[in-house]
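Participant: Single-letter residue listing:
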Amino acid sequence: MKFFRIMAISRRVFRDLANDKRSLAMLFIAPIFAMCVFGVAFSGDVEGVNVIIVNQDQGFTPPFSGETTYLSKEIINNLNTTILNIQNMNNIDEARLIVEKGQASAVIIFPEDFSKNAILKSQNQSYPSNSEIIIEGDDSITNIKNAISKSVNQALSDTLIENGVTPAIKVTSDPIYGEDADFIDFFVPGILAFVVYLLTTIITLITFVGERSNGTLERVMASPVTEGEVVTGYAITFGTMGVIQVALLLSIAILVFNVMVVGNVLLAFLAVAILAITCQALGILLSSLAKRPEQAIQFLPFVILPAFLLSGVFWPLQAIPEWLRPFSYLVPPTYAVDACRAVMLKGWGIDKIWPDILALVIFALFFLILAVWTLKRGKK
Amino acid sequence: MTLENEYAIITHHITKKFKDFIAVKDLNLKVKKGEIYGLLGPNGAGKTTIIKMLASISNPTHGEARVLGEKIPDGDIASKIGYMPQETGVYLGLTVDQNMKFYGRIFNIEKEEMEKREDELLKFVDLEDWKNEMVENLSGGMKHRLSLACTLIHKPELLFLDEPTVGVDPELRISFWKYFNQLRENGVTILITTHYMDEARHCDRIGFMQKGTLIAEDAPSKLLQDTGKDSLEDAFLEIAQKDDRKKVVT
Ligand SMILES: Nc1ncnc2c1ncn2[C@@H]1O[C@H](COP(=O)(O)OP(=O)(O)OP(=O)(O)O)[C@@H](O)[C@H]1O
Ligand SMILES: [Mg+2]
Numbered sequence: 029m030k031f032f033r034i035m036a037i038s039r040r041v042f043r044d045l046a047n048d049k050r051s052l053a054m055l056f057i058a059p060i061f062a063m064c065v066f067g068v069a070f071s072g073d074v075e076g077v078n079v080i081i082v083n084q085d086q087g088f089t090p091p092f093s094g095e096t097t098y099l100s101k102e103i104i105n106n107l108n109t110t111i112l113n114i115q116n117m118n119n120i121d122e123a124r125l126i127v128e129k130g131q132a133s134a135v136i137i138f139p140e141d142f143s144k145n146a147i148l149k150s151q152n153q154s155y156p157s158n159s160e161i162i163i164e165g166d167d168s169i170t171n172i173k174n175a176i177s178k179s180v181n182q183a184l185s186d187t188l189i190e191n192g193v194t195p196a197i198k199v200t201s202d203p204i205y206g207e208d209a210d211f212i213d214f215f216v217p218g219i220l221a222f223v224v225y226l227l228t229t230i231i232t233l234i235t236f237v238g239e240r241s242n243g244t245l246e247r248v249m250a251s252p253v254t255e256g257e258v259v260t261g262y263a264i265t266f267g268t269m270g271v272i273q274v275a276l277l278l279s280i281a282i283l284v285f286n287v288m289v290v291g292n293v294l295l296a297f298l299a300v301a302i303l304a305i306t307c308q309a310l311g312i313l314l315s316s317l318a319k320r321p322e323q324a325i326q327f328l329p330f331v332i333l334p335a336f337l338l339s340g341v342f343w344p345l346q347a348i349p350e351w352l353r354p355f356s357y358l359v360p361p362t363y364a365v366d367a368c369r370a371v372m373l374k375g376w377g378i379d380k381i382w383p384d385i386l387a388l389v390i391f392a393l394f395f396l397i398l399a400v401w402t403l404k405r406g407k408k
Numbered sequence: 024m025t026l027e028n029e030y031a032i033i034t035h036h037i038t039k040k041f042k043d044f045i046a047v048k049d050l051n052l053k054v055k056k057g058e059i060y061g062l063l064g065p066n067g068a069g070k071t072t073i074i075k076m077l078a079s080i081s082n083p084t085h086g087e088a089r090v091l092g093e094k095i096p097d098g099d100i101a102s103k104i105g106y107m108p109q110e111t112g113v114y115l116g117l118t119v120d121q122n123m124k125f126y127g128r129i130f131n132i133e134k135e136e137m138e139k140r141e142d143e144l145l146k147f148v149d150l151e152d153w154k155n156e157m158v159e160n161l162s163g164g165m166k167h168r169l170s171l172a173c174t175l176i177h178k179p180e181l182l183f184l185d186e187p188t189v190g191v192d193p194e195l196r197i198s199f200w201k202y203f204n205q206l207r208e209n210g211v212t213i214l215i216t217t218h219y220m221d222e223a224r225h226c227d228r229i230g231f232m233q234k235g236t237l238i239a240e241d242a243p244s245k246l247l248q249d250t251g252k253d254s255l256e257d258a259f260l261e262i263a264q265k266d267d268r269k270k271v272v273t
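Same order as they appear, the protein sequences are chains A and B. The opening residue of the first sequence carries number 29 in this note's numbering; numbering runs sequentially from there. The opening residue of the second sequence carries number 24 in this note's numbering; numbering runs sequentially from there.
Hint data in this document are derived by calculation from the structure and do not stem from the laboratory. Computed from a predicted structure; not experimentally measured. Mixed in with the good hints there might be a few duds.
[What the hints assert, rightly or not] Calculated cross-link-like contacts (lysine to any residue; reagent style SDA-like; alpha-carbon spacing at most 20 Å):
#, chain 1, residue 1, chain 2, residue 2
1, A, K408, B, R89
2, B, K40, A, R405
3, B, K201, B, G57
4, A, K319, B, F44
5, A, K407, B, I45
6, A, K49, B, T118
7, B, K154, A, R39
8, A, K407, B, D97
[Claimed, not checked] Pair ranges (Cβ atoms, derived):
#, chain 1, residue 1, chain 2, residue 2, range
9, A, F336, B, G190, 42 to 48 Å
10, A, A46, B, G210, 38 to 44 Å
11, A, P349, B, K94, 52 to 58 Å
12, B, F44, A, F32, 37 to 43 Å
13, B, K94, A, F61, 52 to 58 Å
14, A, I397, B, D43, 38 to 44 Å
15, A, L345, B, S162, 51 to 57 Å
16, B, N82, A, D379, 47 to 53 Å
17, A, W351, B, G190, 57 to 63 Å
18, A, Q326, B, Q248, 52 to 58 Å
19, A, K407, B, N204, 29 to 35 Å
20, A, K407, B, G67, 45 to 51 Å
21, A, L345, B, D43, 46 to 52 Å
22, B, N160, A, N174, 54 to 60 Å
In this text, a Cβ means the ideal position worked out from N, Cα and C, and glycines have one as well.
Could you put together the complete structure from these sequences and hints?
Facilitator: Structure, rendered in structure tokens:
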């Protein structure tokens with residue numbers, strides 16, 4: 029391996045990309061566009077969820093006092109009206125019908141003896157009936173379901189505290205990591221790795237199929253340049269491109285979408301650069317299966333789908349069926365997504381993310397060697 | 024020993040198979056140093072396949088060959104040969120200048136020398152005015168001219184030119200051949216393929232190929248004399264027919 033030849037190749041690939049406005053647009057504009065679309069769609073919290081309240085609470089009048097307390101009203105007053113868009117109704121069945129029609133997400137029901145049970149129970153723990161708030165709703169959208177139950181719980185505990193009652197059991201969920209993390213924060217590290225994976229693989233695949241069909245690869249192979257030098261040259265260019273892409277995407281994510289970055293972004297750069305190197309080798313590998321550039325396009329579903337479904341970009345690995353999970357560990361972006369997320373959301377350092385980095389390095393070496401091997405085998 | 028000094032290329036029963044298909048069959052080829060050897064034959068005869076084996080791009084299935092005294096494909100000859108692929112082999116997304124510079128860089132040509140060589144070669148292929156143009160905007164013939172210039176950038180001793188004059192206009196073809204002769208005078212060996220019979224006449228020797236074998240080989244004038252024809256086309260057809268008949272008999 030000679031350094032000047034590796035650099036000659038790397039420089040040439042750079043030039044090629046820089047000269048071609050379309051490649052540049054694909055490398056830089058497309059990810060920004062994708063990020064903005066997702067950013068706008070997922071930014072912030074769930075707001076304006078339509079709910080119907082059916083308040084049947086009769087209130088509670090303690091003996092000898094004559095003043096009736098309506099706990100339900102206090103709770104309703106404490107509901108966050110930015111998150112919930114409240115409509116009041118008297119008839120439960122009518123309310124359910126509206127939810128069924130999809131015009132509202134849930135019915136929140138306060139039963140007749142809500143205040144009575146609550147107050148008697150708080151005075152005497154052995155009181156037999158519990159008081160409960162019933163939320164009947166469309167549970168199909170988790171985000172919305174969570175937003176509703178979270179608001180109701182919040183209103184409930186606020187009301188109790190206002191009344192000087194400390195709830196007997198209090199569930200607190202103090203986040204260990206990801207305090208104030210929104211979906212966009214979870215999503216950005218994933219999209220970084222995914223975008224770099226996708227674009228690097230596709231662009232090397234197309235470029236390399238071109239090199240094979242227009243005779244440039246042969247001319248280079250007839251020169252003193254070795255297969256290893258070609259692959260290394262490409263790796264340097266695409267590794268650098270990956271870092272530039274990530275830097276750009278991260279700046280936008282931070283400046284425009286206020287995405288949280290707790291840890292050292294350089295570690296995210298490192299993970300993505302190694303991923304890019306793996307991907308360019310994968311592109312070269314795949315190029316040996318295509319005779320013409322059009323054929324390369326047919327590989328796209330095989331490149332996109334596994335990463336999309338298995339690498340944890342859009343949902344955590346825990347949400348993937350257990351029997352499928354081992355396959356997640358066979359797609360390289362999984363490790364980059366995991367590393368970026370750990371660095372950005374949890375602020376982990378190299379001491380904790382090294383297994384991801386190690387896995388990426390192993391993948392990179394494996395694919396690089398395989399790419400060199402396919403180039404050599406092409407001579408047969 | 025003397026053989027190796029005298030010949031730039033010697034092949035011994037070299038064969039190339041693609042799966043079960045035999046593209047080059049048991050071929051013995053000798054090309055003297057400093058000669059222009061032309062490979063002629065119909066499409067699919069195996070001309071490109073031979074050149075690729077000799078340029079170490081493709082490994083022979085059987086047989087062996089020496090190029091510039093070294094055994095291929097392991098010999099260290101890459102910096103001494105120049106290969107011009109049939110598919111132009113230039114980067115469409117780069118300018119003329121960037122292509123030349125890239126091919127110069129991989130041979131480690133120094134900057135000043137590079138500029139000098141580039142100017143000379145672009146002048147020779149008449150592309151000086153196109154130096155900063157993107158290759159994708161050049162005409163087909165111009166791309167071939169650039170391809171030749173890129174092949175010559177490192178002053179190779181041995182040239183493999185696979186149909187270098189396809190699509191090149193007649194005037195420029197004449198100047199190409201003048202240049203090839205000039206190179207030969209400087210001791211450069213050229214193995215060239217072409218479908219233009221008028222060009223084949225300029226070769227010192229030509230080999231007729233058919234279905235992966237060499238069916239005749241000699242100086243153009245000698246081939247014409249032996250077959251009693253007055254064009255190389257007719258001479259080829261005559262020899263090819265005889266060769267077929269011979270195969271039927273045996
Ligand atoms: N990579 C390959 N795989 C399979 N078959 C091949 C391959 N390369 C060449 N061939 C076959 O080998 C034969 C010889 O091809 P080759 O390119 O050497 O012909 P040629 O003499 O250069 O023809 P032309 O004048 O058209 O350039 C052809 O029949 C071709 O189909
Ligand atoms: Mg050919």
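Participant: Regarding K407 of chain A and G67 of chain B, is the given constraint of 45 to 51 Å on their beta-carbon distance met?
Facilitator: Distance hint for K407 of chain A, G67 of chain B is violated at roughly 20 Å.
Participant: Can you confirm whether the C-alpha distance between K319 of chain A and F44 of chain B stays at or below 20 Å?
Facilitator: holds, 19 Å
Participant: Tell me if the straight-line CA distance from K407 of chain A to I45 of chain B falls inside 20 Å.
Facilitator: OK: K407 of chain A and I45 of chain B at ~15 Å, within 20 Å.
Participant: Between the alpha carbons of K40 of chain B and R405 of chain A, is the straight-line distance 20 Å or under?
Facilitator: Given that 20 Å is the threshold and the Cα spacing comes to 14 Å, the pair holds.
Participant: Confirm or reject the claim that P349 of chain A and K94 of chain B have a C-beta distance inside 52 to 58 Å.
Facilitator: holds, 56 Å
Participant: Quickly compare the C-alpha distance for K154 of chain B and R39 of chain A to 20 Å and report which way the hint goes.
Facilitator: Holds - the C-alpha atoms of R39 of chain A and K154 of chain B are around 19 Å apart, at most 20 Å.
Participant: Indicate whether the distance between the beta carbons of F336 of chain A and G190 of chain B respects the range 42 to 48 Å.
Facilitator: Check passed, 45 Å falls within 42 to 48 Å.
Participant: Taking 47 to 53 Å as the hint, is the beta-carbon distance of N82 of chain B and D379 of chain A inside that range?
Facilitator: Once the Cβ atoms are compared, 48 Å apart, the range 47 to 53 Å for D379 of chain A and N82 of chain B holds.
Participant: Hey, K49 of chain A versus T118 of chain B, does the alpha-carbon distance stay inside 20 Å?
Facilitator: holds, 14 Å
Participant: Between F44 of chain B and F32 of chain A, is the Cβ distance one that fits in 37 to 43 Å?
Facilitator: holds, 40 Å
Participant: Go ahead and decide if the range 52 to 58 Å is satisfied by the Cβ distance of K94 of chain B to F61 of chain A.
Facilitator: holds, 55 Å
Participant: Can you let me know if the beta-carbon spacing of A46 of chain A and G210 of chain B is within 38 to 44 Å?
Facilitator: holds, 40 Å
The structure does not agree with the numbered hints 14, 20 stated previously, though it agrees with the rest.
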